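**Q** The chain contents come next:
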Amino acid sequence: MGLAWRYADVTGRPEWKGVTWGMLPLHTSGIVACCYHLFYNAPELSWCVTLQAGCTCLGNTTLAFAMYRLAVASGWTWGDGRADVEALHAKLVDGAETEAVAVEAPAVAVASTTSPATSASLLGWEDLGDAWALDSDVFFLGKLLALSAFLAYVVKYTPPLIPDGVVSGWSAAGDGAHSGAAALVIVVPTLLNCAKWYQRSQTDEFVGDF
Amino acid sequence: MHSIHGRIAVTSRHRPQGSSQAGIDHCRTMAKATQLLLLAAAQALIAPMRRLKPTRQHVLPPDAIDVLTTTHTLSAIDVLTTTHTLAANSALTSTADELAGSLFGASLLPWLAMLYWLKHPKVQAPAGVGFGLTYLLAFVFGSIPAAIGAGALYGASLADADWLHGAAESLLAATNCVVVLGFRDALAGKEDAGRLRTAGTAWAAFATISCLVVVGANDLALSAHAPWLGGAGDLPGWAEPANALSVPTWIIHTSSLVEWSGAVSSPSALRCGRCVCAMA
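Residue numbers (our numbering), protein chains in the order written: chain W, 1 to 210; chain X, 1 to 280.
Just so you know, these hints were derived from the structure itself, not from any lab.
Remember, it's a predicted structure, so these values are computed and weren't measured experimentally.
Built from N, CA and C at the ideal position, the CB exists for glycine as well.
Each hint should be verified, as a subset may be incorrect.
Claimed, not checked - Output of the computed footprint for chain W on chain X, the stretches with three or more beta carbons under 8 Å from beta carbons of chain W:
1. 112-123
2. 140-149
3. 155-166
4. 182-189
To be verified - Chain X is faced by these chain W residues, among others (derived, beta-carbon under 10 Å):
5. 11
6. 41
7. 68
8. 153
To be verified - Label-pair restraints from in silico Cβ distances:
9. X:198 with W:178: 42 to 48 Å
10. X:189 with W:199: 26 to 32 Å
11. X:202 with W:10: 43 to 49 Å
12. X:205 with W:150: 26 to 32 Å
13. W:74 with X:242: 50 to 56 Å
14. X:190 with W:183: 39 to 45 Å
15. X:206 with W:174: 54 to 60 Å
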C-alpha cells in the first residue's frame, strides 16, 4: 500500500493512490484470517470465513475499479477494450493460425529481455547503486522475516501464557462474547489503518517510512 | 508441446516490444484470462464444500493412503463425492461455507479484470508488480487442491491441516514479496522482473516439495496437524490446542501484516487474496 502510494508521488500519477485505497478491504481480509487463526479456528467464529470471503470479493472489486481509473487516466478507452475482445474472439475462432504467430513471437521477446538482464548483472560489478539494490533485497527480506518471526512467536505463544482461571472464564463466556472479541480484533486495526491512509491523503508530504 | 511452451514464454514476459507485439501479447493474455474464467466457474462448484468440520474424531479411511499417493489422478467427481459425504455431517457450517465459497469464486472475476487493466500496455505498470499480481493466481489455484486434500484426507478445513495450510499460504506471502520488490524496483528506477519471476517460480517449487517432505517424514502425513516444514522453530512443552498453527505457518501469516504495523518500510498490502486461505 505504502509503495503504491509513493509510486503515485514519484510518477505523478495520483491514480496509483486510488490503488492503495482499493487494497484496504483486502488488508482487512488478511486481518480477519489472522483473527480466526488467533482463536484457533473456533467453530463459533466460522462467520470469519464468510466475512473474509466478502472482504476479498469487495477488495478485488475496489482494486479492479482503482485499476480501471488508472487505465482510463493512462489513455485506455472502452474502444481499446472492444478491440481486445475482438482480437481474442478472432484468436479463438481461427486459433491455429494465430497460435503459430504467437508461439514465434515470445521466443524473440524472451531473447530480447534476457540480454538487458545480462548486461545489468555485468554492470553490477561497476555500479555500486546496482549492488546496493541487490543487497537491499536481501536486507529487506531479512528484515521482513525477522519481524514476521517475532510476531509469529508473540501470537502463537501468548495465549498459552494466559492463566487457567481466565481461560475457563473465557470458555464460559459463550459464543456471543467470543464473536464480540473477534470483531474487536478485526475492527480496531481496520479503523486504524483507514485513519492512517486518510491522514496521509491530507498531507502532501510523505514523512518517515513510506 | 509447442503451445505449452508458448504459454510459458508469454507468462514470463509482460512488456511489449512493439505495437504489433503488444497486440499479440495482449491477445495471449486475454486467452489466458478466458481459460482462467472457465477454471473459476469450476472453482465455484467445488468451493462451497471446502470448509468441512468433522463432528467426531476423524478416522483415516483405509484407502486414504492410496488417495494420498494418487492425489494427482483424483478426478473431480471422486473428490466431490467424498466431500459431499463429509458435508452431510456439518449442515450448520455448510451454509456459511457455501456463501464463502461463492464469494471466493466470484472474487476471481474482478481480479482478472484488474489484471487486464494493470497489464494493458498503455498503463505501463512496473513489470514486477504485474508479475506479482498474476502470481497470486498460483496461490488461488494452489490452495484449491490443498483445500480439497485437507477435506478428502482428514475431513478437516485447510486452516486445520497445518502442512497444507502453510504451503498454500506461503504462495500468498511470496506474492506479497514479489509485488513489494516490484514496486521497490520501479521506485529505484530499475526493471529487473526476471529475478522476481525466477524467485517466484522457485518458491512455488519449494512449497510443493515442502508438502512432499511432510508426507514422507510423517508416515504419509497420518495427522492433519503434521506441522509445515516440520514445525521448525516450534517450542516444545507448550499446552496448545491440536490445531494451533505451527511457527512457520504463523510466520507466513504475520509477514502479510508486518507492513500494516508500519515497522518495515512497507511491503504492499496486497492482501489480495489472503482470501482463499479462509477456505481455511
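**Q** Run the structure past the numbered hints and jot down the numbers of the failing ones, going up.
**A** 2, 11 and 15
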